[in-house]
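Undergrad: Sequence:
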Amino acid sequence: MTMMTSNQAFDDVRDFVLRERQMCVSDREWKHRLRGYGYAIRESHEGHVVTSLVKGGDICTLGAAA
Numbered sequence: 017m018t019m020m021t022s023n024q025a026f027d028d029v030r031d032f033v034l035r036e037r038q039m040c041v042s043d044r045e046w047k048h049r050l051r052g053y054g055y056a057i058r059e060s061h062e063g064h065v066v067t068s069l070v071k072g073g074d075i076c077t078l079g080a081a082a
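If you count by this note's numbering, then the sequence shown holds residues 17 to 82, one letter each, in order.
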């Protein structure tokens, strides 16, 4: 098993979250699905921010992509 670098892990989470968004009809459904995986989305001046429900910290920003 190889260890992922921080940037690679952030990119993987970001790609997963955006892929989930494409499969959802609404923001509400998207946020609900992400909660099931232990993630949440919050709004900030930088755009959408992915946070961890388990650790309670920010993981990455989505910017205008979401």
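Heads up, some of the hints might be wrong.
As the list claims (entries may be wrong) - Simulated restraints, written as ranges between beta carbons of each label pair:
| id | residue 1 | residue 2 | range |
| --- | --- | --- | --- |
| 1 | S22 | R44 | 26 to 32 Å |
| 2 | F32 | S60 | 16 to 22 Å |
| 3 | E45 | I75 | 27 to 33 Å |
Keep in mind the hints are simulated off the structure, nothing from the lab. This one's a predicted model, so the numbers in the text were calculated from it and none came from an experiment. We put the beta carbon where it would ideally sit given N, CA and C, even for glycine.
Undergrad: Each hint should be assessed against the structure and marked as holding or not.
TA: Hint by hint, here is what the structure shows:
1. For the pair S22 and R44, the supplied restraint of 26 to 32 Å holds, since their beta-carbon distance comes to about 31 Å.
2. Taking the beta carbon of each, F32 and S60 are about 20 Å apart, inside 16 to 22 Å as hinted.
3. Checking the proposed 27 to 33 Å range against E45 and I75 shows it is violated: the Cβ atoms sit about 20 Å from each other.
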